[in-house]
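Asker: Listed below are the residues making up each chain.
Number of protein chains: 2
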Amino acid sequence: MRKSNYFLKTRKETPSDATLISHKLMIRTSMIKQTTSGIYAWLPLGLKVLKKIENIIRDVQNLFGCQEILMPTIQQSDLWKKTGRYNDYGPEMLKFLDRNKKELLYGPTNEELITNIFKDYVNSYKDLPKNLYQIQWKFRDEIRPRFGIMRCREFLMKDNYSFDLTADAAKKSYDNMFKCYLKTFQSMGLRAIPVKADSGAIGGDMSHEFHIISESGDTKIIYDKKIDTLKDLTSESSYKILRNIHSVTEEKYDESDCSIKKNDIVIKKGIEVGHIFFFGTKYSSSLNTYVLDKNGKKINVEMGSYGIGVSRLVAAIIESSHDKDGIIWPKEVSPFDIGLINLNPKDKKLTKISDNLYLTLKKNNKDVLYDDTFESPGNKFADMDLIGIPNQIIIGKRNVENNNLEIKNRKKK
Amino acid sequence: MRKSNYFLKTRKETPSDATLISHKLMIRTSMIKQTTSGIYAWLPLGLKVLKKIENIIRDVQNLFGCQEILMPTIQQSDLWKKTGRYNDYGPEMLKFLDRNKKELLYGPTNEELITNIFKDYVNSYKDLPKNLYQIQWKFRDEIRPRFGIMRCREFLMKDNYSFDLTADAAKKSYDNMFKCYLKTFQSMGLRAIPVKADSGAIGGDMSHEFHIISESGDTKIIYDKKIDTLKDLTSESSYKILRNIHSVTEEKYDESDCSIKKNDIVIKKGIEVGHIFFFGTKYSSSLNTYVLDKNGKKINVEMGSYGIGVSRLVAAIIESSHDKDGIIWPKEVSPFDIGLINLNPKDKKLTKISDNLYLTLKKNNKDVLYDDTFESPGNKFADMDLIGIPNQIIIGKRNVENNNLEIKNRKKK
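Protein sequence lines, in the order shown, are assigned to chains G and H.
Mapping to the working numbering: the first sequence position 291 is 889, numbers consecutive.
Mapping to the working numbering: the second sequence position 363 is 961, numbers consecutive.
Incorrect hints may have been included.
One copy or any two copies: either way a pair holds, since identical chains are not told apart in the list.
No farther apart than 30 Å at their CA atoms in a straight line, the calculated lysine-lysine pairs in the DSSO-like style are these [said to hold, decoys possible]: (1) K650 x K867; (2) K823 x K1009; (3) K650 x K961; (4) K946 x K622; (5) K631 x K896; (6) K724 x K964; (7) K649 x K929; (8) K607 x K770; (9) K859 x K829; (10) K607 x K892; (11) K717 x K646; (12) K895 x K824; (13) K1009 x K995; (14) K947 x K724; (15) K631 x K700; (16) K892 x K950; (17) K717 x K1009; (18) K964 x K929; (19) K736 x K838; (20) K607 x K680; (21) K693 x K631; (22) K736 x K867; (23) K944 x K895; (24) K622 x K700; (25) K700 x K794; (26) K622 x K929; (27) K947 x K961; (28) K929 x K838; (29) K693 x K736.
Don't read these hints as lab results, they were simulated from the structure.
Between the sequences and the hints, there should be enough to build the whole structure, so can you do that?
Answerer: Next comes the structure, spelled out in C-alpha cells:
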C-alpha cells in the first residue's frame, strides 16, 4: 500500500481521557476512532491487525477440532429467562424492545443460544463430542468505558462451547481447549500465563484465565517462578507443568492453601485475554437439552465455554510490546510485513528503484507499507517507528550511490 | 471434513412458513437456524458459503481501490439528528436506550457515521479520491420478516462510500463501482443485471440496482433484450452497453420515455443484490464536511454509497441455481470443492481407498466433504445432491473391482 493513498493519518496528540499507552498509540496511528462512549470504528491499519488475530484464532480453533458457526448479535429474552440470567446478568446486558414490543438483548455471551441450537441438531451420544465456535461482536454496557478498546462496550470475541456425554469427557474437552489457548497465543508471538480463576456470571466449578504480563494489567496474578523458566509454553512437558503448578488470580489466592515456596512466588500484573469454563450441566438441564446414551437413556450434556477477547488482544499486544517511539508488532500480527521508505520521492532515480522494489516485494506476496510521501525524512522515520512495522527498508541517495539498502529491525534499533 | 463428525443434519421437513425454495433448502441442509423472528444463526455449512461470498467481495473491492474499515453495529443518535434521518428513517430503524438513557440505534446504513469518520482524517483535496468499505451486520426491524434470510432483520452487508472533490470525479467513482459490481457478481458465477432505480431513503439523483433474475424475485425489471445476448457482462464493451441501454425497475418505468422497441422489451423478475447511489453533497453539507481545494477554499465533498447484500446473496444464488433434488452451487461459492462418497464404510478395502483419496485431496488443498457415514447409498446420494456440491466422487465395490472411480457433475446429472 502506498502511504500517499492510504487512509492513515498519524498524529502527535491524543484525547485527554487516554491514559493507557495502547489507547494513545492506537489513536496516534489512526487504528481506531471512538464514535461514541466506549464504541469504536476500526480504520484500515487497525482492522488489518484485528483480522490477522482473528485468522490465527480461527486456524488454531480448526486445528483443535472446533467447527465455526455464527450466532446473531441480537437475541430474544426467552432462553435467558429460562436459565434465570435475564435478571441475574445485571445492567451490563443491553436490553431493549423491537417495534412489536418484543424484548430483545444484544448478546454479551451465548451459553443459552448455543445450547438451544445444539438441541435441534444432536440427539445421540454417537454425535458427541462436539465443539462449536464463533467470532462475533458482543456488547456489554460498561458503566464507565475506558482504556480505549481494552474496556469498551462493543467488542469482538471468539467464544466456543463443548458438548460431551460425561463429565470426564468434558474435562478432556476442557484440557483440549487449555492446549488450544496456549497454542493460539503463541501463534501470535505472545506468552500467555494460565491461572486458576473465578467463574463469575458463567458459573461452573473449573475455570482458568490466560494473562499477558503487563505493568498496565488490572489483575494481579500469583504464580510459581518456574513458569518464567519455561521456554515454550506449548510443549507437552510445559503443558503438564502449567496444568498442575500453582498459579492463581489474586481473588483466588489463599495463603494457607498456596503450595509455592515463599522465595518462588512471582506476583505480576496481567491483562486477561482468554477465559475457559467447565460448568457441567448448568445450561443443559435448565434448557432441557440431552442426548440419548447407548441404552436410550436421556443424558443432559456436559458443557464448557471458552472465550478470547479478539479486539482486546490488539491493545494487550501493544501494552506488552512498545517503546518510547511507538508500537513494536510481533511479526505474526503486524499490519504489514515490511515498511519501505523512499527518502526523497523528488529524486527520479531513487523513486524508480523504490517503485521497483515495492512491486517486486508485492509480487513475492509481501505486504508492504510504502512511504512515497513528500514528508521530511525525520517524519518518515518517526511514522514508521510509531506504526511499528518490524522490518523496514530505507532507500536514500547514499544507498543508491553505494548500490546497497538500509535494513532496519524495529526491535533492535 | 468427515460427514460423520460434521455439525450437519439434513432433513426432509421444513417449517410451515417457508415458501421460498432457498429458505426451504437452507433449512433442510442446516445452513441456517432461525433463533427468533427474522433472526438467524449460521451453522457450519451456511457460514462457509457466506464467508466465500464475503471474501470474493473483499478481493474485488480491494482490486477497485477501496480500503476496508469496520464501523460498530451500535451508533448514537446525534449524527442522525443532524441529517434529519433519525425521524425520517421510520420504524425499521431499531432505536433504544443504554443504561445511562442515551439514545442508541443499530445501524441500518452508515452515510452519517462514515462522513463523520472521514471528516476527522481528511482535509485536503490532495487526499482525494477516497473509497472506504466495510462488511458488517446491520439491523432493519422489518414489520413482517419472511423468506428466510432474504427478508430478515439482522443481515450482513457490504457498504462502501466514495469521497470526491467534484461531481464529475464522483461520477467517475460511481462508474468505477458500477464496474466493480459487475466484476463482483461474475466472480461468484452469477449474472447480475444493472437497472436504473429509485434512491429511496439514501437520497440522491443517480442510482442503479443489480438484479439476479429469478422467478421468485419480488422486483419487476424491464430491459432491452440485447442484455441477454451479452456473453461477458464485465468486458469493456458490455460495460458501455449496460451503462447506456434502457433497463429500469418497474417503479422507474415510463412508457412515454422508454427507448426500447416493443419487440425488444424483456420483463423479468429480479432479486436485488446490490444498489449504488450518487447523492453529491447531501450528507457532507448537513454534517459540515469539507476539504480545502488548491486555493484554500472549503469544498463539501461529493459522495456516493454502494451496497451489496452479502447474506441475501446466499439465498439469491440458491433461487437462481437449484433443481428438484437440491442446491447446485456455482463452484466459486460452493461450501466444498468435492463431495466424496464411500458407499460402504463396513468394507475395509473400500474404506482404505476412500480414506487415502480423502487425505490426498486434502493435501492438494481441496476442500472435501467426505461421506464416511453408515447411511444407505440412497440417502448418501440424496444428501450430497441436496447439499449441492458441484463435483462428486463416488467409490463403491464395483469401482474397486474395476480399478476406477465414478465422477459426477451435480449440474449435468
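Asker: Now tell me if each hint is right for this structure.
Answerer: Outcome of the hint check:
{"no.": "1", "hint": "K650 x K867", "verdict": "within (26 Å within a copy, 41 Å between copies)"}
{"no.": "2", "hint": "K823 x K1009", "verdict": "within (26 Å within a copy, 63 Å between copies)"}
{"no.": "3", "hint": "K650 x K961", "verdict": "both (20 Å within a copy, 24 Å between copies)"}
{"no.": "4", "hint": "K946 x K622", "verdict": "neither (37 Å within a copy, 62 Å between copies)"}
{"no.": "5", "hint": "K631 x K896", "verdict": "between (51 Å within a copy, 24 Å between copies)"}
{"no.": "6", "hint": "K724 x K964", "verdict": "between (46 Å within a copy, 27 Å between copies)"}
{"no.": "7", "hint": "K649 x K929", "verdict": "both (14 Å within a copy, 26 Å between copies)"}
{"no.": "8", "hint": "K607 x K770", "verdict": "between (48 Å within a copy, 25 Å between copies)"}
{"no.": "9", "hint": "K859 x K829", "verdict": "within (22 Å within a copy, 78 Å between copies)"}
{"no.": "10", "hint": "K607 x K892", "verdict": "between (63 Å within a copy, 20 Å between copies)"}
{"no.": "11", "hint": "K717 x K646", "verdict": "between (36 Å within a copy, 21 Å between copies)"}
{"no.": "12", "hint": "K895 x K824", "verdict": "neither (47 Å within a copy, 65 Å between copies)"}
{"no.": "13", "hint": "K1009 x K995", "verdict": "within (25 Å within a copy, 61 Å between copies)"}
{"no.": "14", "hint": "K947 x K724", "verdict": "between (69 Å within a copy, 24 Å between copies)"}
{"no.": "15", "hint": "K631 x K700", "verdict": "between (33 Å within a copy, 20 Å between copies)"}
{"no.": "16", "hint": "K892 x K950", "verdict": "between (72 Å within a copy, 28 Å between copies)"}
{"no.": "17", "hint": "K717 x K1009", "verdict": "neither (50 Å within a copy, 34 Å between copies)"}
{"no.": "18", "hint": "K964 x K929", "verdict": "both (12 Å within a copy, 29 Å between copies)"}
{"no.": "19", "hint": "K736 x K838", "verdict": "neither (33 Å within a copy, 45 Å between copies)"}
{"no.": "20", "hint": "K607 x K680", "verdict": "between (49 Å within a copy, 26 Å between copies)"}
{"no.": "21", "hint": "K693 x K631", "verdict": "both (25 Å within a copy, 22 Å between copies)"}
{"no.": "22", "hint": "K736 x K867", "verdict": "within (26 Å within a copy, 38 Å between copies)"}
{"no.": "23", "hint": "K944 x K895", "verdict": "between (79 Å within a copy, 27 Å between copies)"}
{"no.": "24", "hint": "K622 x K700", "verdict": "between (41 Å within a copy, 26 Å between copies)"}
{"no.": "25", "hint": "K700 x K794", "verdict": "neither (40 Å within a copy, 38 Å between copies)"}
{"no.": "26", "hint": "K622 x K929", "verdict": "within (21 Å within a copy, 46 Å between copies)"}
{"no.": "27", "hint": "K947 x K961", "verdict": "within (21 Å within a copy, 46 Å between copies)"}
{"no.": "28", "hint": "K929 x K838", "verdict": "within (28 Å within a copy, 45 Å between copies)"}
{"no.": "29", "hint": "K693 x K736", "verdict": "both (13 Å within a copy, 17 Å between copies)"}
The earlier numbered hints that this structure contradicts are 4, 12, 17, 19 and 25.
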